[in-house]
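Protein chains: 2
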Amino acid sequence: MNQDYIQADEWSIIEEGFDKQHVKASESLFSLGNGAMGQRANFEETYTGETFQGSYIAGVYYPDKTRVGWWKNGYPEYFAKVLNAPNWIGIKVFVNGHEFDLATCTKVSGYKRELNMKEGWHKRTFSAVLPNTIEIKVEVTRFLSLKLDEVGAIEFKLTLPNSDAEVSFVPYLDSGITNEDSNWDDKFWNTTNVSTSGNRAFIEAHTMKTNFKTCAFMQASLDYNGKSIQGKLEESQENFISMKFSQKIKRGEDLTLVKFGGYTVSRNHDEGELVSAANQALDQASILGFKGLLEEQKQAWANIWEMSDIVIEGDIKAQQGIRFNIFQLNQTYLGTDSRLNIGPKGFTGEKYGGSTYWDTEAYCIPFYMATKDEKVARKLLKYRYNHLEKAIVNAQKLGFSNGAALYPMVTMNGEECHNEWEITFEEIHRNGAIAFAIYNYYRYTGDYSYIPEMGLEVLIGIARFWHQRANFSGHKKKYVILGVTGPNEYENNVNNNWYTNYLAQWCINFAIEQLGRVKEGYPNDYKRVVGKTNLTPTECEAWKKVADNMYFPYSDEYKVFLQQDGFLDKDLVKVSDLNKTERPINQKWSWDRILRSPYIKQADVLQGFYFFEDNFSTEELEKHFDFYEPFTVHESSLSPCVHSIQAAKLGRMDQAYQFYLRTSRLDLDDYNKEVEEGLHITSMAGTWMSIVEGFGEMRVINDQLSFNPRIPEQWNAYSFKVNFRNRIIKVKVSADEVTFEMTGEKGILIMVKGKQRELLPNNKLTVG
Amino acid sequence: MNQDYIQADEWSIIEEGFDKQHVKASESLFSLGNGAMGQRANFEETYTGETFQGSYIAGVYYPDKTRVGWWKNGYPEYFAKVLNAPNWIGIKVFVNGHEFDLATCTKVSGYKRELNMKEGWHKRTFSAVLPNTIEIKVEVTRFLSLKLDEVGAIEFKLTLPNSDAEVSFVPYLDSGITNEDSNWDDKFWNTTNVSTSGNRAFIEAHTMKTNFKTCAFMQASLDYNGKSIQGKLEESQENFISMKFSQKIKRGEDLTLVKFGGYTVSRNHDEGELVSAANQALDQASILGFKGLLEEQKQAWANIWEMSDIVIEGDIKAQQGIRFNIFQLNQTYLGTDSRLNIGPKGFTGEKYGGSTYWDTEAYCIPFYMATKDEKVARKLLKYRYNHLEKAIVNAQKLGFSNGAALYPMVTMNGEECHNEWEITFEEIHRNGAIAFAIYNYYRYTGDYSYIPEMGLEVLIGIARFWHQRANFSGHKKKYVILGVTGPNEYENNVNNNWYTNYLAQWCINFAIEQLGRVKEGYPNDYKRVVGKTNLTPTECEAWKKVADNMYFPYSDEYKVFLQQDGFLDKDLVKVSDLNKTERPINQKWSWDRILRSPYIKQADVLQGFYFFEDNFSTEELEKHFDFYEPFTVHESSLSPCVHSIQAAKLGRMDQAYQFYLRTSRLDLDDYNKEVEEGLHITSMAGTWMSIVEGFGEMRVINDQLSFNPRIPEQWNAYSFKVNFRNRIIKVKVSADEVTFEMTGEKGILIMVKGKQRELLPNNKLTVG
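Chains A and B, in that order, give the protein sequences. Quick note on UniProt numbering: the first sequence kicks off at 1 and runs consecutively. Quick note on UniProt numbering: the second sequence kicks off at 1 and runs consecutively.
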């Protein structure tokens, strides 16, 4: 895909012209979601060209049996894959008995697709000439309702500009679907009932093995000149049901089919009540009608944007980028259900599987903390607390004991479900991100209560893990951590990854600090937790010994911490000296070549500098940034945002801006040539950070918000809002000044460019 | 399995008593093979207990599609798996209509199983009481003919000691078989024809994907009191055919069913001629009859033993061990077909897949060179020459160029077919073993011709690989080799594995040396090879620069070369201090724990000392042996033999003896608790080396054989023969003296304990 494929627009993603080569990419980019379900932007009508069909239900997954040539002890039995759910959007369209299919039309003109992010809907308009020479004009609008999150709505409007003909619509449900991404050749849906009632139909199906019960449903109605045309049941098979609506129409007349559809699932309803719940949802949708439900949709999105919008003036592409990121994050996770989490591809694809990675703690929590109520972030923390026992079991599998906890690299339900040894067994820094998020949550919200109630137990399990995972090197006379994979997954099984060692040390110190604080301030919780975990002072001393004597690889020559032992033995050719045809290296190079190269997939040492910036001087940051960035290929979506933030801090606004574009338009401009597989959802929170924490340099320092805003020269102004301790603070930055406004009852002290200022309700504060 | 399960016997493997728990282990241990086919010692009659059914045809394999969670560039598309072939041994037995099955008999007594290694046959004798209370006495003899290597023979003798009854034999062929080891759920045999002719039957089937055509065949005849009983076709299905022979017999009478069976394959016959070839093979077998064919078998094995036997006096278990190893090697590979190689499990199991590993060059060639004609070793070298182009393509896949060759880690046909990245992409030392074998072959046989004819090209491809694979470390100011897996596969993706670096240096130097020698002595070959490879002096200089400046990790503290960078950072707890319940660690520990431990799967640095012992003093060997052996768990079958040889060299005969038992009785005593999966064939050549090169300390020094024999105190004497440059030299070692005898036309100078001696034909040389 080229960079100009998507039209620049402040509020919409727009594609003009129909190009079969772009269908799969656009199916990703125009995806819809409402937190409870989501789907790729597949066409409603039959399409026989290349397509990647996907409709997903939050929390519904399938366990792919782990299949490897050589089993290694400790492998999880399965990999939980995001699962393509029964299709409810399908509407076959026939004109004089000939099926309409964009892949076979002799001409397609005026094709335009719009994803309206402001209002939360997707629309296609075009004219097409069928092989039988009849031309049709089509306008199809679709959205997944935020108001009724089990329901989606489609309005399919068809006109015949040049001829009379009989038009038939065949809306259907289909549970005979497959997955794009593995599931090998397993059948994974078991359809138990196909039924119909009036203009409604239902397919009840449950997932094999995991036994999630679902009911896919639909209701269809056809309008012809304000008259409702009756449909009839067409086909009812084992896993398919369709209705048929036919009408002869004259040139210039139009027909409008409205289809409501969606899923009810056993996560939310008694499993015997799925059909009746579906009927209720359809009743509610019917009362509002397509237009009424769409109005509700606009309002619901307006409410989301009211709090989370970032406005950029003077740079449409940058504006479009950030809104795309915020929109997709909100389509994926709204913080309403503590059993859910934020899958790396959201509802836009299947790759990676699982719903929860360290991305949630490292990237997403800051976004949700600032743009929603703090309860949303607390829900995400609680999710990990709920999985603590499973993290302990996971660590036991790998040979750890005494309550040491290793959180899974990938999970749906707390169990590890990733099966590459170098990741599952070795990418243990994830444990650190979870501890960091506890710290970050408290730092931002001031709500300490999570720690005595739940967090302390998590911190103890994590400290125990690090204590056991390190070993004393008689050679170095220090504790070392051998055989790990850092955030830079282009290195596997390395020794003394600086980031991991640093996190390990930090986690132990943080746990000990919180033990002290809880002991003092929450003696009952302390007693409960110490009793439950059998923690003794001797054990804490043993932890401390490891933290105090941790080894950190360092180069005297370059005066930088080394990403890992031996990093300087590599052939240190900078990325800029690589031939462009070699990139992305993960598509061009064999794995061994990547591993022995110096190339960094995503910030690793710099990720540590990002988390713990207070512990390093700006000069140190600059030295490390200048050493590592030239070797960084940013082939992880999580990389550019951290670099953007750090470049901004170093006052390198051009570089920060380039990284900003790369993170915000990663998918829109398909930097890594993989958008067909789906969007990179979790890194989208990093895009938000790159504006707020990067350009805005927002920090929390000693319970105060601090800002040191900069602006890229390409922009006239930008503004964002954050929810900080029950105040909504709006920040607007232009080249000349920064203005702050707040809503809330009481004023607040903030730091601006190093100086303390008082911000009062309804009283604009301007700093020149 | 316990150590005393197999009866000690000089010439036979004997199991007494029927134990269902041991069936799978015994199926491995009693396996039969004749180089062209082989099979686990499955019962002929139906057995419903736990069993691992396996019958294998040399060179017939199936490509399992590579299935990994995350595809890495360079992965081979498939893993060639050893394939269970149609069953031809099956004979159902019914007594008064009740099927005989050892799993359901109410009593089994006098059960004895013997694998007679001297004569090459397998026999079971026992009495069993069927659920219908009838007792039967059974004696079943089976062998795979060396004389007619497409044919196997079974004699099934049944007597009724206590009652009259009707006995039916139902010999059958069955191509509806599955694989024990993956092939996922693929169907992999396609049966095309099932036919019968008189007392013969045929199933023609070909492998899916690889399209190897085979005909499994059988012929059966029943003898009752010297009278031949006619059978009739019983069942003929899509992939099954059986005949039925029934006879009422009286108490004390016996019935003998003789079944010939086997395979004809398209590797050896026109694919339209497989049935007629089968008929010819059966004709030949019929002429000889079971007894005649068995006599031929005894003679053929006598010929093999004549040259390859090692006699150990005074230690039956040691004797049995070495013969078991020599027997199995000869069952697996006889050196008659240069398209075949020596699979790690031979015909005894499916694990590992592929037929060719570096085991062939590092372990098997010395055995075959000394116990067969030198042409056999040359065939094995030629096998690799034939695959040079594929090795170049393999290297290209991984990003190498200019004719660099990387031989596959595992192959059936020259293509890489292993798909763990840490092995396939990184265990590159295999390239060195192939170069070493060229050197070793020439050193032993004195036949230089392979090098100008073929070997030089191989050496150039390998040198090019090492040159490109190393990189200059600006930090170390040396060439380093990053991201490798050494012979010790309990380390992955390490930097500067000493063994690999040493081999790389040696390969380059050896290639350059041979280039000089060929240029001088074989100018036409030189011209041809240089022309074909576009080799220039500048390129050789570049190689040389890498070799001359290779980095070797070394510890000043311990005065040893380090297995790899960072080895000393490990928690250096010796194996002897590990709790026994933790072992074998590959069954008890997670992979990450193994990787970060100091434990060594098999000799790594010591493997280098073994290959290149002339380059190190005995003191250096001792220092390295004492440093590394205490961390070695020997969980690779290839480990104890090298240690035995080196312990003997260091005069530590007790330790050498223990390692000898471990290598020679690895499977018989099931040291690694995995014999059910099949035998460790390639390491059996290491057992041979541990006597000849270890206790006998046989070397070739400047074109002379040299001996420095020692004897374990548990032995009275041992003797072996080697074929050295057209002389057969027999060596017998006792505590007091060593005697040498030779056959051949001309005498030869040998070194004994450092002194030169002349050995003349038919003239015993005794050294006190």
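Worth double-checking, as some hints may not be accurate.
The list cannot tell twin chains apart, which means a pair is met if one copy fits it or any two copies do.
[Claimed, not checked] Distance condition first, Cα-Cα at most 25 Å in a straight line; then the derived PhoX-like pairs of lysine-lysine: (1) K476 / K574; (2) K65 / K213; (3) K187 / K65; (4) K559 / K476.
Everything labelled a hint here was simulated from the structure, so no lab data went into it.
Here's how the hints hold up against the structure:
Taking the shortest Cα distances, K476 and K574 sit within 25 Å of each other only across copies (19 Å), while inside one copy they are farther apart (31 Å). For the homomeric pair K65 and K213, the shortest alpha-carbon distance inside one copy (20 Å) is at most 25 Å, but the shortest distance between copies (33 Å) is not. Taking the shortest Cα distances, K187 and K65 sit within 25 Å of each other both inside one copy (12 Å) and across copies (19 Å). Taking identical chains as interchangeable, the C-alpha atoms of K559 and K476 lie at most 25 Å apart whether they share a chain (19 Å) or sit on different chains (17 Å).
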